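J.: Chain residues, written in single-letter form:
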Amino acid sequence: MDFGLSEEHHMVQRMVRDFAVKEVAPTIQEQDRLGEMDPQVLPRMAELGILGITIPLKYGGQGMDYISLGLACEELEAVDTSLRVVISVHNGLTCLTLLQWGTEEQKNKFLVPLAQGEKIGCGAFTEPGAGSDLSHLQTTGKIDGSCYILNGEKMWISLATAADYAVVTVRTNPKASKAYQGLSTFLVDLHSPGISRGDLHGKLGVRAGSTGWIAFQDVRVPAENMIGKEGEGFKVTMSAFDSGRYTVAAGATGLIGAALDASKTYADQRKAFGEKISDLQLIKAKIARMSLDYQAARLLYLKAGWMKNKGLRNTRETSAAKWYATEASFQAASEAVQIHGAYGYSDEYPVERYLRNAKGAMIYEGSNEIQSLIQADYALERRQDKKLRKESPPYDHESWT
Amino acid sequence: MKIIVCVKQVPDTAATMEVENGNISWGDAPLIINPWDEFAVEAALNLAADQGGEVTALCLGKEEETEAIKHALAMGADAAVLVSDPALKGSDTVAASKVLAAAITKIGEVDLVLFGQQSVDTDTGLLPVQVARLLKWPSLTLVSKFKEVTPAEGSLQVIRSMEEGNQVIKSRLPAVVSVTKDYGEPRYPSFMGIRKASKAEYPVWTLTDLGIDPPSSSISWPEVNKPVEKEIVTEIIDGDTPEEKAKTLVEKLIAEKVL
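Protein sequences appear in the order of chains R and D.
Residue 1 is where the first sequence starts when you use the numbering used here, and the numbers rise one by one after that.
Residue 1 is where the second sequence starts when you use the numbering used here, and the numbers rise one by one after that.
Check the hints yourself; a few may be wrong.
Said to hold, decoys possible - In silico DSS-like cross-links for lysine-lysine, where the CA-CA straight-line distance does not exceed 27 Å:
no.	chain 1	residue 1	chain 2	residue 2
1	D	K252	R	K271
2	D	K196	R	K310
3	R	K22	D	K181
4	R	K178	R	K229
5	R	K276	D	K226
6	D	K230	R	K276
7	D	K199	R	K58
8	R	K310	D	K199
9	D	K226	R	K271
10	D	K199	R	K303
Claimed, not checked - The following residues of chain D were derived to be distant from chain R, with all beta-carbon distances above 10 Å:
no.	residue
11	M1
12	P11
13	D78
14	D85
15	L126
16	S161
17	D182
18	M192
19	I212
20	P214
21	V258
No wet-lab data here; the hints were simulated from the structure.
None of the values given here were measured: they were computed from a predicted structure.
Don't be surprised by glycine CBs; every beta carbon is placed ideally from N, CA and C.
From just these sequences and the hints, can you work out the full model?
T.: Put into structure tokens, the structure is as follows:
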């Protein structure tokens with residue numbers, strides 16, 4: 001058993017950190033206050049290859065492994081959650097779903113420009129009336145010749161207005177005996193006629209990120225854009241979550257690390273009762289908890305990443321990593337605010353932003369209540385992973401580079 | 001065009017430095033490429049791209065400390081050479097320059113040697129000049145721009161940036177140049193570069209390979225101390241208007257004899 005990261009991993013970590021710290025950190029407080037995404041972020045991430053980091057070279061990507069993807073997420077979210085959200089929806093929900101389920105034609109047509117960052121992708125699953133209960137989503141896809149006609153609305157979609165393509169799951173068979181069997185997934189060109197979309201404002205956190213809605217009114221989507229087969233939409237979507245949740249878990253680990261670093265620095269400087277507050281036992285206890293959670297969250301996501309590299313099914317491990325890391329990141333950010341006292345309650349320090357940002361990840365990509373049910377069902381042996389028609393491809397250095 | 005860029009490993013600039021019994025340590029903070037050297041690597045890569053040719057990263061250090069060389073390779077350097085020998089422990093700049101000059105001579109047919117303007121650990125900024133002197137090549141320090149480089153004619157024109165102003169300098173090649181941060185932001189390593197660098201093999205030369213005796217150092221560090229920590233008192237100036245606050249601030253600065 002080898003717990004060490006390779007030299008390559010360390011270099012990826014450093015490169016992504018340098019980008020985030022040099023180019024995003026200096027203006028993030030302002031962007032967060034404005035509630036706008038810095039327009040330079042996506043083009044720069046594309047230019048640096050981050051938008052295709054874990055996609056084989058032959059599909060326009062950078063050919064790095066799944067651990068590198070996790071490390072990149074950790075470094076990005078240590079600066080701001082909005083950066084990691086880009087990876088979750090573009091790389092996780094879109095690119096990796098196409099890599100796993102897409103046909104060769106779909107990969108060449110859609111994955112290549114996505115991995116190269118020429119096009120931006122997002123995942124559109126949640127609806128105004130269906131989030132955790134995904135199998136009962138209402139958006140429909142009705143076959144009409146060589147096309148499916150989509151009608152309905154998707155909501156809380158990250159990058160809704162920035163993306164060119166969306167992976168969209170809709171109901172194509174309302175008569176299916178089980179609701180989830182009536183779903184199919186499509187790669188939809190968001191510039192198609194009949195699509196309207198907009199941004200949602202007033203969010204608690206991730207204010208420097210883009211979150212919006214997408215409405216479909218008689219949108220014609222070519223049948224060849226279906227990802228997987230008709231009726232496989234639920235499985236395709238769950239696979240997308242196996243990728244997306246991994247990036248959320250790794251990112252939340254970065255947020256714990258950031259909360260810990262900020263707390264250490266502040267606690268070593270601030271004095272109370274004639275000593276540094278880092279010498280006070282109650283503060284030490286908070287720091288210790290953050291440090292422990294950081295290590296635990298990191299081990300959980302790295303294990304999931306290792307399984308992805310091997311091509312092993314990792315739904316259980318990825319869900320556990322997402323659940324643990326997002327709960328712990330909210331706790332760490334809250335304690336970081338507490339350690340900073342009144343200063344932590346203002347945006348003079350970044351910790352209040354960490355706290356607001358951390359909350360979202362407990363809700364999206366499968367709420368933590370759903371994750372706990374998944375974990376319970378695995379533990380009670382009521383849930384078993386069945387082999388998928390198309391499994392997530394393992395990392396193969398030779399063929400990926 | 002054959003360009004050598006000299007790179008050095010230094011403790012991370014974010015590391016907390018400790019001094020105990022004259023020994024400097026930085027805990028388990030990682031070593032990084034000297035940040036000034038990244039500007040030199042950037043300049044080398046751009047010159048090689050414009051003129052054609054290749055860039056070799058040259059580093060003097062311990063065999064196991066590979067970060068500086070790997071970083072230069074990941075940025076795009078074509079090759080690297082590490083000079084490592086236990087006899088070089090504690091070398092001063094005079095000794096280090098002799099070794100670097102010998103390595104540059106051994107590589108051979110070099111048109112240009114680039115350095116960062118200084119290193120963030122010892123901060124002397126002397127190596128470029130000392131190496132140039134040993135090679136008997138012109139030394140152009142604090143260069144912010146390469147105006148014209150014509151290897152065929154064996155000449156180059158650069159702009160030196162100093163506090164007092166800029167100088168345009170014309171020189172013959174080969175030459176030794178130290179590059180300032182005004183040159184422009186260095187690129188990040190690319191993922192492809194990272195993969196290439198992590199697999200790269202490069203020669204490790206000892207003093208025997210260079211055919212030189214262990215150079216003696218002229219200076220040593222009998223004592224190293226941290227600056228004395230000062231007690232800092234922070235006072236927030238209060239006032240109803242900016243003018244009032246400024247007036248109070250000026251009065252206090254005069255009272256403290258700062259102004």
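J.: All hints are to be evaluated individually against the structure, with a verdict given for each.
T.: Comparing the hints with the structure gives:
1. K252/D to K271/R: Roughly 25 Å between the alpha carbons, so the hint for K252/D and K271/R holds.
2. K196/D to K310/R: holds (22 Å)
3. K22/R to K181/D: holds (15 Å)
4. K178/R to K229/R: The hint holds at about 16 Å.
5. K276/R to K226/D: holds (21 Å)
6. K230/D to K276/R: Holds - the C-alpha atoms of K276/R and K230/D are around 16 Å apart, at most 27 Å.
7. K199/D to K58/R: holds (20 Å)
8. K310/R to K199/D: holds (21 Å)
9. K226/D to K271/R: holds (23 Å)
10. K199/D to K303/R: holds (24 Å)
11. M1: Consistent with the label, M1/D stays out of reach of chain R, its closest Cβ about 27 Å off (over 10 Å).
12. P11: holds (14 Å)
13. D78: At roughly 18 Å from the nearest Cβ of chain R, D78/D sits farther out than 10 Å, so the non-interface label holds.
14. D85: holds (23 Å)
15. L126: Nearest chain R Cβ is 28 Å from L126/D, so the label holds.
16. S161: Nearest chain R Cβ is 22 Å from S161/D, so the label holds.
17. D182: D182/D is indeed farther than 10 Å from all Cβ atoms of chain R, at 17 Å.
18. M192: violated (7 Å)
19. I212: At about 31 Å from chain R, I212/D clears the 10 Å cut-off, so the statement holds.
20. P214: About 30 Å separates P214/D from the closest Cβ of chain R, which puts it past 10 Å; holds.
21. V258: Per Cβ check, V258/D is outside 10 Å of chain R; nearest 24 Å; holds.
Violated hint for the displayed structure: number 18, the only one.
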